[in-house]
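Asks: Please arrange chain B on chain A, whose structure you already have, making use of the hints.
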Amino acid sequence: MREDIQEIKTTFEHISKYIWRHKEYVNRLNVFPVPDGDTGLNMALTIQGGLADFSESLLETLTPGEFLKLISDNMLMNSRGCSGVILALFFQGFIEVLSNNDFSKENIYRALERGCKRAYEGTDNPKEGTILTLMTELKNEYSRLMKEKDHPIDIIVSCIPYLRKVLDKTPEMLPVLKQAGVVDSGGAGFIILLEGLEREFNLRRVPDMLPISTVLNINKTLKNFLERRRHSKFYSRTVKTLLQNFNTDNISNPKLNNLIHRFQIYLRTRTKNNQHQSRDFLIQEIKDIESSWNPEIKYKYCTELTLQAEKAITRDGIKEKIQGYGDSLIILEKDKTFKIHIHTNKPDAVIKDISSYGEIVFKKIDDMKKQHRNFISEDSIEYEREQSIFCIVSGSGFKEILEGLGADFVYDYGKKKPSVNKLVTLLNNLKSKNIIAAPDDGDILMALKYAASYCKANVFIVESKSAISLISLLMGRTIEMDAKDFSFTNQINRIRYCAVSRAVRTTTLDDVSINKKDYFVIYNGKVILSGKDQRKVVLDAIKKLLRDETLITFYKGLPVKNHTSLVKDIKQHFPHLEFEEYYGGQHQYHYYITFE
Amino acid sequence: MDKRILIICGDNLGVGYDQISYPYIEYLTYPVIVEQEEYRESETYTASWLFDKFRKEKVTAKSSSLRMNEMIDIVEKNKKDFDLIIHVVMGSNMSAATLKIAEEVRQKYKEEIKIINIDTRQATAGVGVILFRLIDFIKENQEEEDIINYAQDLVKNTFTLYVLPDLNYLYRGGRIGKAKALLGSLLRILPVVSLMGDNPDGEVLPVGQGRTYKQAHSVIVETLRKKMEERNLQEIPLSVVAGDEMNKDNILALKEEIENKLPVKKSMVGKIHLVEAIYLGPGGYGVAVCMK
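So the sequences go chain by chain: A and B. If you read the first sequence in my numbering, its first letter stands for residue -15, the second for the next number, and so on. If you read the second sequence in my numbering, its first letter stands for residue 128, the second for the next number, and so on.
For the record, the hints were derived by calculation from the structure and aren't laboratory data. Any given hint could turn out to be false.
With a Cα cut of at most 27 Å, we get these calculated DSS-like pairs of lysine-lysine [stated by the list, open to error]:
{"id": "1", "chain 1": "A", "residue 1": "Lys401", "chain 2": "A", "residue 2": "Lys545"}
{"id": "2", "chain 1": "B", "residue 1": "Lys341", "chain 2": "A", "residue 2": "Lys528"}
{"id": "3", "chain 1": "A", "residue 1": "Lys53", "chain 2": "B", "residue 2": "Lys130"}
{"id": "4", "chain 1": "B", "residue 1": "Lys353", "chain 2": "A", "residue 2": "Lys348"}
{"id": "5", "chain 1": "A", "residue 1": "Lys295", "chain 2": "B", "residue 2": "Lys283"}
{"id": "6", "chain 1": "A", "residue 1": "Lys449", "chain 2": "A", "residue 2": "Lys501"}
{"id": "7", "chain 1": "B", "residue 1": "Lys375", "chain 2": "A", "residue 2": "Lys(-7)"}
{"id": "8", "chain 1": "A", "residue 1": "Lys510", "chain 2": "A", "residue 2": "Lys528"}
{"id": "9", "chain 1": "B", "residue 1": "Lys305", "chain 2": "A", "residue 2": "Lys348"}
{"id": "10", "chain 1": "A", "residue 1": "Lys555", "chain 2": "B", "residue 2": "Lys341"}
{"id": "11", "chain 1": "B", "residue 1": "Lys353", "chain 2": "A", "residue 2": "Lys336"}
{"id": "12", "chain 1": "A", "residue 1": "Lys(-7)", "chain 2": "B", "residue 2": "Lys130"}
{"id": "13", "chain 1": "B", "residue 1": "Lys398", "chain 2": "B", "residue 2": "Lys354"}
{"id": "14", "chain 1": "A", "residue 1": "Lys320", "chain 2": "B", "residue 2": "Lys354"}
{"id": "15", "chain 1": "B", "residue 1": "Lys183", "chain 2": "B", "residue 2": "Lys307"}
{"id": "16", "chain 1": "A", "residue 1": "Lys318", "chain 2": "B", "residue 2": "Lys353"}
{"id": "17", "chain 1": "B", "residue 1": "Lys305", "chain 2": "A", "residue 2": "Lys(-7)"}
{"id": "18", "chain 1": "A", "residue 1": "Lys433", "chain 2": "A", "residue 2": "Lys330"}
{"id": "19", "chain 1": "B", "residue 1": "Lys354", "chain 2": "A", "residue 2": "Lys295"}
{"id": "20", "chain 1": "A", "residue 1": "Lys354", "chain 2": "A", "residue 2": "Lys433"}
{"id": "21", "chain 1": "A", "residue 1": "Lys415", "chain 2": "B", "residue 2": "Lys283"}
{"id": "22", "chain 1": "B", "residue 1": "Lys183", "chain 2": "A", "residue 2": "Lys552"}
{"id": "23", "chain 1": "B", "residue 1": "Lys266", "chain 2": "B", "residue 2": "Lys130"}
{"id": "24", "chain 1": "A", "residue 1": "Lys555", "chain 2": "B", "residue 2": "Lys375"}
{"id": "25", "chain 1": "A", "residue 1": "Lys348", "chain 2": "B", "residue 2": "Lys183"}
Reference listing, derived: stretches of chain B covered by chain A, where coverage requires no fewer than 3 residues with Cβ under 8 Å from a Cβ of chain A [unchecked claim]:
{"id": "26", "stretch": "299 to 312"}
{"id": "27", "stretch": "339 to 348"}
Please read these numbers as outputs of a predicted model, since none were measured by experiment. Even for Gly, the Cβ is constructed at its ideal location relative to N, Cα and C.
With the rest of the complex left out, here is chain A (with noise of 0.2 Å):
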């Protein structure tokens, strides 16, 4: 590879790094538009992504200027997020004059031009005090620097003290940041941003934050002593002893650093004459941080779309078309292909209407109230996959079959079916932020619904009722595919199957008359022939069903853990036919028959 583009690559790479180390301090201050404290995650997500997909011998060919291009357009086919769309866009217009291979500080003021022309342009309703602003700052300070100093690196990093200042001044800018007492997320990424590039020179350190769940749980333990006329003495005495001795300057939320100095101040000179009026005046304080990380989120799905256009289309027709479903619009074009972003409470509507313009080649839709609820509890998980999924399954046998057609967790539960907390529980220990969740017995859909709107996870539910259906889903799935692409779940009924079992007392069902004691068949929830030998009962069963197929499956089912196998007498009927044999463990049914 070149060393210039090489030099390129790892600079870049390095910032990739840093933004992602300190995405965390980014997603605490995250409050516009949504506080769903994925702003730093967005962003770091966005950088990496201008590195996805290089091979080394396409590099040996390229400028510098097709270099930085090609990372433009990664940034921006990768972009996640309000910020992370508009940090795309704004590195898009600034390489778009970068890519005549002048590096000369005059064209990077020209680049940094066309950068901000092209973020607000992208951007549906611009707001100052945001990322925006920032960017604004950063061309103006670097024109006034251009005089004083001449290299271009030099000179970007210079403007980082003054572009703090900036961020410092945005809760002004934007009242939501004020109420929260925070500065804009996405400026402060963006200045983190440019910290990475001052870390090839210089390390720097960003300051630690209290995370939001810290701030709250302070903030609630204030409130529970001014509202409590009585408490225990030893609650008193440790609260205020605590308080008194608080030392502020660890607290860099300036509206929590505020709220707790007056408290103090407060517990110092109440008297029974002023105390009523400060301590409601405090209250009020209170509830407005309380409120600011609480606020209501009028749309609920953070809805993000990829479209290869096959009709003629603009950016406007498609923004004309859609704007009525939410707010928080992106819209960038490349060629024929659309990336689109949307906070909405319809996204299906929003894909059907983007769907009549051509493919839809990547989806991402997430439940905001899900993230901002995870974000500001104090168990916050850390996630450590895009998508798993989980099935949940009677039988040790199937337990390993599914685990080897790779399911990421498997839970037996033997003869009792989960609780709702259990579920919760199992699905929160995946760590992961999409869960595609399927049962082998629909009397666990309701639990399993109910523990999905607890969990921190996105969970799609398959409405699956067999352990033959999970089978069947893992097989249709392709492993290679998009770990947000959860259309192979249609695939749980693709194998036909019927489930042997034995009657605990005498019935008619499905107008087959079962004894006690009897074996019987259920095909499609139909109880289709029984019998009292089990051999001729499952032998007819195979006739009647079979079609096509060449491969005959049985599970065999705890029942008949310890029976001689009858696969060898029944292959005996059809010597034209594949017969295999597995352990699935279920308690309910004695073989599970597979036809395909």
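Replies: Frame of chain A, contents of chain B only:
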């Protein structure tokens, strides 16, 4: 033809030499090491011979990269008679050494004869279909730049999908890549893995799995159909199936399935060579399709 062009190709190309109608072609044979003995393909040592040894003697086998001296011998022998040499090389992610050797030879002779090395991102019949299409092209056009551009297009539009009843052969050969995810199933499955020309990493990727050959063939047809749709392609110019002849019925069933379900202009049965047997394992076969 105005320009005299020699093609060099390894013997892991999934088609028989007699199926290639180009007069100026030299084949290099990959060394195959079976139980520490080195073999080269010959009338005795064929893919069937190795499959038989796998089945009966449970031997282990591996391949080695092409030998530089043999490559040099071919260039030395031919450099005066030709204006250009095209070396169709197996995917560099599966054998980085082979491409590296080919590049060293290109450098060594850069003052004497122009050599173009094509990293096919393929093995077996994937190399074969690229070779077929390239031969068709150079019969019409001998401009170096056009050949390079066309070859790049061929590479990106060639796909090979394999049904491998025993993935352990691929695993032991060190070529398993991301298809490792398909190993270790308790159920007997037929893994479908691929070499996708549009994947710049060029490694073996898992595509899906079937419990029966019919299901595995459906996975292959659907995958190819998607690739056609992505390219807005009306007709597949060339498709070649090849594999262990002991599994001939299923190889022919796959050919028929593809012909019935997809519009294919030319469809043929290839032939695998000794080195290819190492990775396919007994019963293994596949289809290579060129969409350019």
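Asks: Work down the list of hints and note, for each, if the structure agrees.
Replies: Here is what the structure says about each hint:
Pair hint A:Lys401 plus A:Lys545 holds up; C-alpha atoms about 21 Å apart against a cutoff of 27 Å. The straight-line distance between the Cα atoms of B:Lys341 and A:Lys528 is roughly 22 Å, inside the 27 Å bound, and the hint therefore holds. The suggested pairing of A:Lys53 with B:Lys130 is violated, with an alpha-carbon distance near 37 Å, which exceeds 27 Å. A C-alpha spacing of about 21 Å is found between B:Lys353 and A:Lys348, which places the hinted pair at or below 27 Å, so the restraint holds.
The hinted pair formed by A:Lys295 and B:Lys283 meets the criterion: a straight-line CA distance of about 26 Å does not exceed 27 Å. Restraint check for A:Lys449 and A:Lys501: satisfied, since their Cα atoms lie roughly 25 Å apart, inside the 27 Å limit. With a C-alpha separation of about 49 Å, the suggested pair B:Lys375 and A:Lys(-7) falls outside the 27 Å cut-off, and the hint is violated. Distance hint between A:Lys510 and A:Lys528 is fulfilled; the C-alpha atoms sit about 14 Å from each other, no more than 27 Å.
A threshold of 27 Å between alpha carbons decides the hint, and for B:Lys305 with A:Lys348 the separation of about 24 Å falls inside it, so the pair holds. A threshold of 27 Å between alpha carbons decides the hint, and for A:Lys555 with B:Lys341 the separation of about 21 Å falls inside it, so the pair holds. Pair hint B:Lys353 plus A:Lys336 holds up; C-alpha atoms about 21 Å apart against a cutoff of 27 Å. Distance check on the hinted pair: A:Lys(-7) and B:Lys130 sit about 41 Å apart at the alpha-carbon level, beyond 27 Å; violated.
For the suggested pair B:Lys398 and B:Lys354, the alpha carbons sit about 25 Å apart, so the restraint of at most 27 Å is met. Restraint check for A:Lys320 and B:Lys354: satisfied, since their Cα atoms lie roughly 18 Å apart, inside the 27 Å limit. Taken as a hint, the B:Lys183 and B:Lys307 pair is honoured in the structure, with Cα atoms around 26 Å apart against an allowance of 27 Å. Taken as a hint, the A:Lys318 and B:Lys353 pair is honoured in the structure, with Cα atoms around 23 Å apart against an allowance of 27 Å.
Proximity of B:Lys305 to A:Lys(-7) is assessed by CA-CA distance (about 26 Å); at most 27 Å being required, the pair is judged to hold. Restraint check for A:Lys433 and A:Lys330: satisfied, since their Cα atoms lie roughly 20 Å apart, inside the 27 Å limit. Pair hint B:Lys354 plus A:Lys295 holds up; C-alpha atoms about 20 Å apart against a cutoff of 27 Å. With a C-alpha separation of about 14 Å, the suggested pairing of A:Lys354 with A:Lys433 holds against the 27 Å cut-off.
With a CA separation close to 37 Å, the supplied pair A:Lys415 and B:Lys283 exceeds the 27 Å bound. For the hint pairing B:Lys183 with A:Lys552, the CA-to-CA distance comes to about 26 Å; that is within 27 Å, so the pair holds. Restraint check for B:Lys266 and B:Lys130: satisfied, since their Cα atoms lie roughly 10 Å apart, inside the 27 Å limit. Between A:Lys555 and B:Lys375 the alpha-carbon distance is near 25 Å, which keeps this suggested pair within the 27 Å criterion.
For a cut-off of 27 Å, the pair hint linking A:Lys348 to B:Lys183 is broken: about 52 Å separates their Cα positions. Requiring three or more residues with a Cβ within less than 8 Å of a Cβ of chain A, the coverage given for the stretch 299 to 312 of chain B holds, as 5 such residues are present. Under a criterion of three residues with beta carbons nearer than 8 Å to beta carbons of chain A, the stated coverage of the stretch 339 to 348 of chain B is upheld, 3 such residues being counted.
Violated hints for the displayed structure, listed by number in ascending order: 3, 7, 12, 21 and 25.
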